[in-house]
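Participant: Turn these sequences into a full structure, and let the hints steer you where they fit.
Protein chains in written order, with the working numbering: chain A, 3 to 673; chain B, -7 to 92; chain C, 174 to 680.
Hints in this document: simulated from the structure, not taken from any laboratory. For each residue, glycine too, the CB sits at the ideal point set by N, CA and C. Any given hint could be a false lead.
[Said to hold, decoys possible] In silico negatives: residues of chain C with every beta carbon more than 10 Å from chain A:
(1) E221
(2) G229
(3) G230
(4) T236
(5) Q247
(6) W250
(7) D282
(8) G326
(9) N345
(10) V411
(11) Y473
[Unchecked claim] What the simulated footprint calls covered on chain C by chain A, stretch by stretch (three residues with Cβ under 8 Å from a Cβ of chain A suffice, anywhere in the stretch; the number is not a length):
(12) 545 to 558
(13) 587 to 598
(14) 610 to 623
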Amino acid sequence: MAFEYVPAIVLLPFLSFVIALFAGKYLPKGGALAGIAATAGSLLLSIWAFLTVRSQGAYQETIYTWASGFGEQPWELTFGVLIDPLSAMMLVIVTLIATLVHVFSLGYMNDEGETGLPRYYAGLGLFTASMLGFVVADNLLMAFMFFELVGLCSYLLIGFWFREDGPPSAAKKAFLVTRFGDYFFLIGVVAVFSTFGTAAFVGAESFPVLAEEAVAGDVTVNTFGFDPTTWFTIVGLLVLGGVVGKSAQFPLHTWLPDAMEGPTPVSALIHAATMVAAGVYLVARMYGFYAVSPTALAIIAFIGGFTALFAATMGVVKREIKQVLAYSTISQYGYMMLALGAGGYVAATFHLMTHAFFKALLFLGAGSVIIAMHHNENMWDMGGLKDKMPVTYWTFLAGSLALAGIFPFSGFWSKDEVLYEALIHGLGGSPLLLGAYAMGLLAVPVTAFYTFRMVYLTFHGEPRTDTARNPEPVRWNVKFPLSVLGVLAVVAGLVNMVPVQKVLGLEGIDYLHQWLDQSFDPLTAHHYAEVSPYSSGYIGGEATTVLVGAAVSLGLALAGLLLATYLYNVAEPTEHTAKLGAIKDVLYNNYYQDEFQVWIANRTQSVASVADTFDQGVIDGVVNGVSSVSLFSGSRVRRIQTGVVTNYAALLTLGLTALLLAFGLLGGWFL
Amino acid sequence: MVPAQYYLLLSAAVFCIGLFGVLTRDNALYFLMSVELMLNAANINFVAFSLFWGNLTGQTFALFVIALAAAEVAIGIGIILVLYRNFGSVSVTDAATMRW
Amino acid sequence: MIIEALLAFTFAAALFTFAVPNKYAGKTAFALSLVPIAGSLYMWSAFESGGNALTGGDIAFETVIPWLELAGIQVQWFVGVDGISLPLVVLTTFLTTLSIVSAWTPIDDRQSQFYGLMLFMEANLLGVFTALDFFLWFIFWEAVLVPMYFLIGVWGGPRRKYAAIKFFVYTNIASLAMFIGFMALVFGLGPSTFGLPEITQALANDQLSAWFGLAPETLKLIAFLALFVGFAVKVPVVPVHTWLPDAHVEAPTPVSIMLAGVLLKMGTYALLRFNFTMLPDQASLLAIPIAIVAVVSVIYGAMLALAQTDLKRIVAYSSVSSMGYVILGLIAFTEFGVGGATFQMVAHGLISGLMFMSVGVIYNATHTRIVSDMSGMADRMPVAVGILVAGAFAYMGLPLMAGFAGEFFIFAGSFDSTLLPYAPIFTALAMFGIVIVAGYLLLAMQRTLFGPFRLETDYEITPAPMHEIAPMAVLLLAIIALGVAPEVFLEMIFDAVGPILDNGGGL
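Facilitator: Encoded structure:
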């Protein structure tokens, strides 16, 4: 019953897009109310669908045939919905945060007197619709299509303030860098079609199932002359290109910090909680396919671990509050990738959920601070906001504790499970995973440090500017979303207290594990654990490992937190980064990654110029050369035309004589 | 009956005289006369072969050519007049301004 | 009879428009051009697909009347459509009307001749896509050049004469090569008529005999090459593409729309009809060189677009790039490859039409097309810029827009190709075009449309008028409609493509 309304979940925000675009000018609040109504409606429908999955199990239906081939086994390119525990959970997350962000936008955009609001709400509506379309997608092609559409919305919303120089440039970079990743993704989609003849995620004929059977040798598919496992690794890595781009993983992470040029609610919705999660979600969605390829998994884990650490180090030196959050987002998605690569399907999903809540919260909190600071984002101009904006402070603190991974906030549980999965599977005979684990672990204190550096600089100490002394107050429409997310950031971890279960031996409090097992047969967490190439190893017993792992990560997090407290929780903090010397420059300039990509872009431009010169000079030169030669020879040959009739007559006579001679000689007259 | 080759020799001689005139003179009036000679050389052939074959077609054609020659002279003299007005002479070498 | 009526009406409309006073010519031509749209839509609704016209399938709206005899071969008035040509007929009628509307602003001189020539060109284009007799087809094919020559040469930019002559001579020489190649086949076959179906089926049945001391296989190969070169110039592919940017830059906007939207498709349409339908064995023999040409066109064209500073040149070079995809789809010789290539012809026609139209609208307001002269146009012309951005994303292959559908079908089909060796590698290389296209379009948009408004003019830049926005909006809607529901055309295209693949099925 509820499932019949699933398309409406996607279509409602689309409707709000249409309304805002065409009628937003004439509506109060520039179309915001339509957006809120639509996303709230989607939220209710999503919750209904969620509850129905709980009672009736998963659901898949093909809704629309986009294109179909002919022949014996035609390719069917379809749109369909797949509502299983994973997508139902994601639906609720996305619609919830979208609704809250719409509400928050009333405070951040409408109350601040921005122009172009219809465009803004149209963008948000289209984004929400596309993202939800991506979430419910039941095949890889549909997922790709909506994956691209969210990229478009990201472009439009980052470039919302198009009259300035920065945002359009950042928007371009975001689209281009993710497009580079999507290029590989598209090859991957095409390869999946060519290999399996289908891109369905679920069913006996779905590509993850076929891949599994092909590796087992039960079916044969077109692997283009490769060994099945090798070919599936190649295809998996191609699809991973899109994931790396969208989820801002190394080396395609550079667009995300620039994307902070967009309005802050957009950063919260798109560049923290949902769109960036699309990559991770995609890997989780087709996890069965990755599970057959140990190499692909190892690469995912390694990219994830490296990104987690790499991005965290850059977050340490940033001055702008949103920049810190941007790097922490990259870093946190690194954890999710690490989890996926380490065989922790549930852990990744878990972290995806908690992170969506606490990172959206942090961004909205930052947005609230930015309103208060009259759009000054530099943390060194803030300070002492704690007393002036208590709601923002306490919710922001909750989010920060979650991000830093402090017990018992939500982030602790999910991050701990991520690291735990990497640890036990690493100990189970995959030394590479241990390396990734080590990087993930190293990132923990760094994360705690930069998070609390941000909290202290923003909210503690003495106000450092006049604006900070008299911040602009924020209204209910800012406080309400913060409060909702604040509560979630604290309690969301309770849905999956695996460590407690393992240590205390309580059964049945790993709700998320149970939940993700309720899907269609091959899409269950249970099945993924079976096909995963990893085995588990423990330090002592299972419970000991859990405790040791949790203690180490919590201890490291606390260490980072304490260091931040020591350095920055003072009345007049100073920039300690100078002590890092040259390293600070490297970090501040993001390891010169951006410069490197700009260099590549410039080199491409140079090659293009050379190609243009070649085209104009050589290829068109040949064409013009041919015409010049014709013209020149024509101008010579026409000299025969002297204009003197006598000459023409002489030529005629000569010609006749020559012809007669020729005929005579050939005809043998003279013999 | 006079054999055909005598006529042919005669017509060839007349034709060559005409051709010689066209190739060597630059006065347009000489041109007209020379062309007339060449046409008449052809007429001689027509008439001679007409007689030779006992067929009147050749003579008919000779009449056509005479009519044509008359028309040609009329137009030719008109052109020569225009030539004289424009170039102040009737030399064919002067009227070379439209080359190239 | 509908096709005859369509052609006759369009020719008559062209003549009538020549006689209309300049002042009313634009509106008259617009009103008259609605009739061919109605006609083509009727054809589309009444069309029942039944295979490929050339390989013996049903020919819709067919007429065959013996006309005259040349060298013992019957020339016929033979017209009809199948699933490959009908979408292009619809595309032609639609784009002509829209480009006529878009000409209302920029064309302010000799309007009646301009619109008359546009309609005359439309009539000939319809002839190209419906004629099924070689001679008839060739007459229309060549006759298209004449109005185009005048449209560029009379109403064009500063170097219009150079561009017009280059266009005319280049494509005409190519036509000559093509004509010779086809005639060699005809004389080798000795068919009773010039009807393309008869010739195709005779070739398929191996009825080609040696001619002029050339073995049938050699003859076929020579014919294939001559035809390929002839059509490649029209497409155009690298390295015979250089007439295109010059023609586009000099041509007035409405003419650019027709040039990119329909005229380029003549080349790919003919490639599909002649090279790939009649001589599939030779196509498979030359698969690798053709695929290389396709990939080089895609990448090289895109790189050239990246280096341009004139908006029209950017779009012109990107056409070279896009048409490379079509060639790749054709040489793949799979259902999605060839079908997708045909679909992409329509899709690219609409999208490039929209892009040229948008550039034209901006040019009408600013009188410049140079990227570095503009900045922040979005501030002054929000609606036009909005549609331009949408069109640019369509060009980049945004899903649910026609461009993505065409490109995806082509990529999926060519990756899967069995005829083309190393198909996945060629496909992956060609696909890199989607990154470069995003690069140059985004860069150009950022520089011209966004940022602070800065353009020093002594006149005010105002939002585009309704009659400039309306055709853009119509095109955008069509692009989205085709992207959401490609089956509208895809079904009939696939139906007509299937027999071609069976024809070369021994591969």
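Participant: Are the hints correct? Go through all of them and say.
Facilitator: To see whether the hints hold, each was checked on the structure:
1. Separation of E221(C) from chain A is adequate, the least Cβ-Cβ distance of about 16 Å exceeding the 10 Å criterion.
2. Interface exclusion of G229(C) from chain A stands, the closest Cβ pair being 17 Å apart, more than 10 Å.
3. Taking the minimum C-beta to C-beta distance to chain A, about 14 Å, the non-interface status of G230(C) holds against the 10 Å cut.
4. With 10 Å as the threshold on Cβ separation, the claim that T236(C) sits away from chain A holds: the shortest Cβ distance comes to roughly 29 Å.
5. Non-interface status of Q247(C) relative to chain A is upheld: no Cβ of that chain comes within 10 Å, the nearest being about 35 Å off.
6. Here W250(C) stays apart from chain A, with its beta-carbon at least about 33 Å from theirs, past the 10 Å limit.
7. Taking the minimum C-beta to C-beta distance to chain A, about 29 Å, the non-interface status of D282(C) holds against the 10 Å cut.
8. With a minimum CB-CB distance of about 16 Å to chain A, G326(C) clears the 10 Å threshold, and the non-interface call stands.
9. Distance check on N345(C): its Cβ is at least 13 Å (rounded) from any Cβ of chain A, clearing the 10 Å threshold; non-interface status holds.
10. Here V411(C) does not stay apart from chain A, with its beta-carbon only about 8 Å from theirs, under the 10 Å limit.
11. At roughly 6 Å, the least C-beta separation between Y473(C) and chain A is not larger than 10 Å, which violates its mark as non-interface.
12. With 3 residues having a Cβ less than 8 Å from any Cβ of chain A, the region 545 to 558 of chain C passes the three-residue criterion, so the hint holds.
13. Counting residues of the region 587 to 598 of chain C whose C-beta sits closer than 8 Å to any C-beta of chain A gives 3, which meets the bar of three, so the coverage hint holds.
14. Only residues whose C-beta sits within less than 8 Å of a C-beta in chain A count toward coverage, and the region 610 to 623 of chain C has 8 of them, enough to reach three; the restraint holds.
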